[in-house]
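Below, each chain spelled out in residue letters.
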Amino acid sequence: AQTVTQSQPEMSVQEAETVTLSCTYDTSESDYYLFWYKQPPSRQMILVIRQEAYKQQNATENRFSVNFQKAAKSFSLKISDSQLGDAAMYFCAYSIVYGGSQGNLIFGKGTKLSVKP
Amino acid sequence: EAQVTQNPRYLITVTGKKLTVTCSQNMNHEYMSWYRQDPGLGLRQIYYSMNVEVTDKGDVPEGYKVSRKEKRNFPLILESPSPNQTSLYFCASSARRLAGGAQYFGPGTRLTVT
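Chains as they are written, first to last, in the numbering used here: chain A, 1 to 117; chain B, 118 to 231.
Don't read these hints as lab results, they were simulated from the structure.
Fair warning: there could be bad hints in the mix.
Unchecked claim - Pairs of lysine-lysine residues, derived as DSSO-like cross-links and limited to a Cα-Cα distance of at most 27 Å, are as follows: (1) LYS174(B) to LYS109(A); (2) LYS78(A) to LYS112(A); (3) LYS73(A) to LYS109(A); (4) LYS182(B) to LYS134(B); (5) LYS70(A) to LYS109(A); (6) LYS109(A) to LYS182(B).
Claimed, not checked - Here are the in silico distance ranges between beta carbons for each label pair: (7) GLU17(A) to THR130(B): 41 to 47 Å; (8) LYS182(B) to SER42(A): 26 to 32 Å; (9) GLU179(B) to SER7(A): 27 to 33 Å.
What the hints assert, rightly or not - Among chain A residues calculated to face chain B with C-beta under 7 Å, some are: (10) THR5; (11) ARG43; (12) GLN44; (13) MET89.
Just so you know, even glycine gets a beta-carbon here, dropped at the ideal spot from N, CA and C.
Let's have the full structure, built from the sequences with the hints guiding it.
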């Protein structure tokens, strides 16, 4: 069974600094998607960034980038120039591409990020 | 505006009183699903639907029912709610091939069962 592990329950970063959130996953599939979702205090789930496993190039979205290491099954999120609005719970998630459960997101337990002014 | 809506946003009910949480999307997505979020557990899938009249169990389906009679709607039914179903519930939708992976989430429904 696929699993997603976020080993850092809480992280803290100074405003304008860089922080990296860790995520590892376990799967026997060769093609899949990986995601980072942000959940601010409003509780809305917001897609931050996604990575397709067949793409070797790491995804980037403005200040957010990932370090995707397929062999190591690692998918970390780097937030550069941290802003107060980045304070939130961050969830790493996995989904297969094909098969009956296509679309079922498997989530990690989350990392709570605090940003200090 | 592309969105997933849920109602109600907050609900307090008593054990055994049947309730329905509605979910609707305006993006013509084939795929819809329900998740529950509990502290320290992340989000876990309850049920999903690949298309109209096609539903299947997720990881934690016990105590829940769903139906998909129309493409845009995917209600979650709790026939006899119990306190262990107190949780934050999210509905989500995506295009069939995940459109590159993007799932759109509703705003969440906070349910308390006393």
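Here is how each hint holds up against the structure:
no.	hint	result
1	LYS174(B) to LYS109(A)	holds, 21 Å
2	LYS78(A) to LYS112(A)	holds, 14 Å
3	LYS73(A) to LYS109(A)	holds, 17 Å
4	LYS182(B) to LYS134(B)	holds, 14 Å
5	LYS70(A) to LYS109(A)	holds, 21 Å
6	LYS109(A) to LYS182(B)	holds, 25 Å
7	GLU17(A) to THR130(B): 41 to 47 Å	holds, 45 Å
8	LYS182(B) to SER42(A): 26 to 32 Å	holds, 29 Å
9	GLU179(B) to SER7(A): 27 to 33 Å	holds, 29 Å
10	THR5	violated, 10 Å
11	ARG43	holds, 5 Å
12	GLN44	holds, 6 Å
13	MET89	violated, 9 Å
Consistency note: the structure conflicts with the earlier hints numbered 10 and 13.
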